[in-house]
Amino acid sequence: MSTPPLSVNNIFQGYTPPEGVYDEFLLDSGQPRPQSKQFLDTVVKIGREEFEHRWQQAQRTVQANDFAYSGVITPKNQPRPWELDAIPFLISSAEWKTVSKALKQRAHLLNLILKDLYGKQTLLKQGDLPAELVYSHPGFLRGYHRDQLRNDCFLHFYAADLARSPNGNWWVLADRTEAASGIGFALENRILTSRMFPELFHQCNVERLAPFFIAAQESLRKLAPQSLENPRVVLLSHGPTSPNYFEDAYLARYLGYTLVEGGDLAVRKNQVMLKTLGGLIPVDVIFRRQNSRDCDSLELNASSRIGVSGLTQAARSGQVGIANALGSGLVESAAFMAFMPRLCKSLLGTELLMPGVASWWCGVPDQLNYVLKNLEKLTIYPTFRIRGRDNPSVESLNQMSPKKLAELIRSKPSDFAAQEKVIRSSMPVWRGQIQPAHLSLRAYAVISGDSYTVMQGALARTSPNLDPLEVSIRKGEGSKDAWILSDQPVEHVTLLKEQGRTISLKRSGSELPSRAADNIFWLGRQLERAEALARLLRSAVNRLSGETRSTSDLEVPVLLRCLADQGQIEPGYAIDKMRHQLPAIEHVLPTAVFDKSQSTSLRSIVDELFRLGSIVRDRISLDTWRIIRRIDKGFQPPRYGTTNLSDVLTITDDLITELAAFSGIVMESMTRTQAFRFLELGRRVERSLQIISLVKNSFVPMPEVPSPIFETVLEVADSLMTYRSRYLSNLQLGAVLDLVLTDETNPRSLVFQFMQLAKHVERLPRNRELPGYTSEQRLVMTLLHSVRMLDIQETAETHCLGDYEPLEKLIETWDYQLPKLSEAISHRYLVHAVPSHQLSDISPQ
Amino acid sequence: MKYKITHTTKYAYSQAVPVCHNLVHLAPRVLPGQRCKEFQLLVHPEPFSIAHRKDYFGNDVSYFTIDQAHLGLSVTATSQVEVTAASQIAAAETPPWESVVQQLQEKHTAGVLDAYQFTFDSPGVKLFPELIEYAKVSFQENRPILEAVLELTTRINTEFKYDSRATNVNTEISEVFEKKHGVCQDFAHFQIGCLRALGLAARYVSGYLRTNPPPGKPRLVGADASHAWLSVYCGEKAGWIDVDPTNNVQTSVDHITVAWGRDYYDVCPIQGTIVGGGEHRMTVSVDVAPEEPQPAAPATGDAK
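If you read the protein sequences in the order shown, they are chains A and B.
Sequential numbering from 1 applies to the first sequence in the numbering used here.
Sequential numbering from 846 applies to the second sequence in the numbering used here.
Simulated from the structure, these hints should not be mistaken for laboratory data.
A couple of the hints might just be wrong.
Label pairs and their computed distance ranges (CB to CB) [what the hints assert, rightly or not]: (1) PRO974(B) <-> GLY127(A): 28 to 38 Å; (2) LEU280(A) <-> ARG1010(B): 37 to 47 Å; (3) GLY127(A) <-> GLN885(B): 55 to 65 Å; (4) PRO637(A) <-> PRO974(B): 47 to 57 Å; (5) HIS953(B) <-> SER451(A): 30 to 40 Å; (6) PRO974(B) <-> GLN435(A): 33 to 43 Å; (7) PRO365(A) <-> GLU1081(B): 54 to 64 Å; (8) ALA896(B) <-> GLN838(A): 19 to 29 Å; (9) ARG1010(B) <-> GLU218(A): 38 to 48 Å.
With the C-beta cut set under 7 Å, the calculated list includes, among others, these residues of chain A facing chain B [as the list claims (entries may be wrong)]: (10) TYR135; (11) SER136; (12) ARG142; (13) ARG268; (14) GLN271; (15) ASN301.
Using N, Cα and C, we set each Cβ at its ideal position, and we do this for glycine too.
Build the full structure now, drawing on both the sequences and the hints.
Here it is as structure tokens:
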């Protein structure tokens, strides 16, 4: 066999960089740049087919690991902000050293500027920076200003957007100082890309990202008050509605920190506390990913619903370390760029090592004139940037006609800044074929000691046009891994603590935040509800179609009653007389299952399951999450044609299997922490309710139960096999009720659920020195006792004789007490995460 | 003039509040013409600790938290303050207002820079184009700044109707302007807006006003509330001058300054967040009692 000619197999075939730009891969001669040579050779050797195969594999990993989702699912299926591209950006470590040096200088400088502005404000007094830029900046937190600054650092994490101009030099496009977004994406890109080219990754001596994260951990550790050896660090996220939530969760998991939202924290006696099941536990360091202004609803922003009252005071009193310090976002506004050269000279006495893109602030008359005369060459920005909230957006500004834009700027010049449009360098991207795209890099630095450590890697971003970056991010343009290529083999580093120091063993789990426990509890309930419904539906559909049709007249009404009881179908279907006036159930059922407008439909339950799963993603294993993703993806009506009964059959079968896989993983792999306990509590409460509903709707209204109904009940209760093995086909009420209610060996029986509940309630954290039992203990003991004390044969016989009362009474009691138990648990453990609100302000009169 | 001031704020909740965090601006400032001999802050239930500090504008601010369940909160601030009348500069001798604007923009000395920060929009004073028009009626070319300010004060006082039910703490000045009514806070915010629109520096002052009772009747205790006015920067020589649009006066010994800031939100007397609490009710009483027999000055106070 002969190898196909190189040109067909070479994915780079036909790559032509745009005119007049610096190309990152090719020299002007068309030959590869030295650092790209090995990469190109190997990719060509791999061949197009293999390359495409690996790329598809990587794409699948993205899907399976939910890298594709940006935040929580609202709006659903939103693509991640930066879609990954297969071809990494390559740069030699010698060149990166120069870049790093400049970034270190800039981070240091920005830190000094922040220190000055939140302190003595010498820069304003000397006129190095127009005071207006600070005084009218909404991000200038006056409450955080002080004459004597306790800590020396405002800027622990710094990110810079860089671009390379046609002459090959790097420029700073923007500074990001509030909270460096994208670190998580850089990490994720690395994991995916290195998996795609494992051999290349090693051959090319790619510098690792781990040292950066180790430095980050170390810096955060050192921020702890009283220099604790092992401080509790939390990662404070803006929460599931934020586009950064995904990477927050990802980073928290990678760095081993608890992911929290404002609602999980409280301040007591100036100490920041984490609200957990076991009570409040102190927090020493906050890795802040949320905007400063949203951090404290008392001092910083009264309208913030996610702030922690008293956080500023806690920070002020030095009881908690926060990175970045509150207020650090002040200097990331575009207008500051215009003053950086001067500030550098004034504070460091030297020139900037890497120039910033030429910038103007319209608040200065001659700068305004320049901007108005050169509008078409410039990108206009609002002067003040609040991370994540552009108002007006850069996009809308730059789409205005020059005349209108000029008018707008003239109406309040100080509100606008401008930047020269930069011709960014180009690079190949793979979109089924090779194409050129413009590149920018987001590089990261973290404080370590007196200096900064720059990440040996970056988030490379590409866009086909030269729109401002903010615009292209929104349009979902590409991102790439960035490989810094060393001349020597690279050392392997791990994030695990250094060897030699023995850590004390733990079995902890009480640190579960109450909010997370609440979500996990409900996840358990929804999982069980989904399963019970799927079983009911499957049984109903089986009987509505196919060969079991003959006996279906007897069983179908029972199943319809159960389904109506669960809100799956209209209540009218449960009533024999009304059923005939309603549309045929065969037609209604398939649509009802997927009806998202009904909050009780199985599809809505799957949605809720997915939502809860994604919120507690940092508490469940990747495999477990994958199953939830699969359930969500798989549970869809057929794409073409109308949905019929057999579709429902297939889909409920699949759902039941997936749910069984979920249970299997939970039982076999989840450590028995409080998270497990709450998942179990939720499931057991729900399964008990389902069993009760089944028994109620099947037996209570009728004395003589025909045997097909017994079978149906046993089938829905997943106990048919057991019954047959014990009693063959001799179906009697007593034996059926025993198996479904009182058999302690049947994991599907009611008593089994109560036993599990009792076990888990017993192990919940509580003050064990207090005498007596808690209300949830008492409730669960009552429930368990009531089933255990039951003579089921006698109840069954009485029932068959026409006296329904005993069974009815029992069901009534359980129906009443189970929700009480659920409530008691939430009251004690879950709802002390109530939100705070403002005292109405006093108006002077 | 010596005063004994008692300012009590009480909150009552329908459900127990387990935790509250509070930030209060209640201590009178110490100023060239104002001495604060004694200040006490009494909080019930007793907070774990009270932290005092100076805020960004140099006001005293106290921070406390209560973390035992409580159904009510009472905050009482008492102080003894002595106010001496400053020698008032003749309005005609103040510099033309344009020169003050220019000075603010060009000089970077600590004093001017400090004033400069009060020339910008702030959360409670959002500027809009009509402000300039309204202000320019009084701010004619080269007019001495204080003359213009006093005329503006008089115009607001006569053209706007005092109505304590018309607005709330969050009313924007554009609405105040449109409806021409409000309370002292609204008038102060509005006049600040006019002055800032011209490029002048104006700050919001919160404090108390002594009430002069009608002859022969005892002083009404607890009928008063906290008051608000504004201060205008009149150049390096004349400095800051306070005017009260609610009463159409330049302040003297009847006004006791507690705190100043860009607007109400910087100096809100009591700010707080609570957890739970259900419904809550609030009552305020302020008592500003002169410590010596009153001079028979004509009544100018309008502290409703």
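Now the hints, each set against the structure:
{"no.": "1", "hint": "PRO974(B) <-> GLY127(A): 28 to 38 Å", "result": "holds (30 Å)"}
{"no.": "2", "hint": "LEU280(A) <-> ARG1010(B): 37 to 47 Å", "result": "holds (43 Å)"}
{"no.": "3", "hint": "GLY127(A) <-> GLN885(B): 55 to 65 Å", "result": "violated (44 Å)"}
{"no.": "4", "hint": "PRO637(A) <-> PRO974(B): 47 to 57 Å", "result": "holds (56 Å)"}
{"no.": "5", "hint": "HIS953(B) <-> SER451(A): 30 to 40 Å", "result": "holds (32 Å)"}
{"no.": "6", "hint": "PRO974(B) <-> GLN435(A): 33 to 43 Å", "result": "violated (49 Å)"}
{"no.": "7", "hint": "PRO365(A) <-> GLU1081(B): 54 to 64 Å", "result": "violated (24 Å)"}
{"no.": "8", "hint": "ALA896(B) <-> GLN838(A): 19 to 29 Å", "result": "holds (20 Å)"}
{"no.": "9", "hint": "ARG1010(B) <-> GLU218(A): 38 to 48 Å", "result": "violated (59 Å)"}
{"no.": "10", "hint": "TYR135", "result": "holds (4 Å)"}
{"no.": "11", "hint": "SER136", "result": "holds (4 Å)"}
{"no.": "12", "hint": "ARG142", "result": "holds (4 Å)"}
{"no.": "13", "hint": "ARG268", "result": "holds (5 Å)"}
{"no.": "14", "hint": "GLN271", "result": "violated (11 Å)"}
{"no.": "15", "hint": "ASN301", "result": "violated (10 Å)"}
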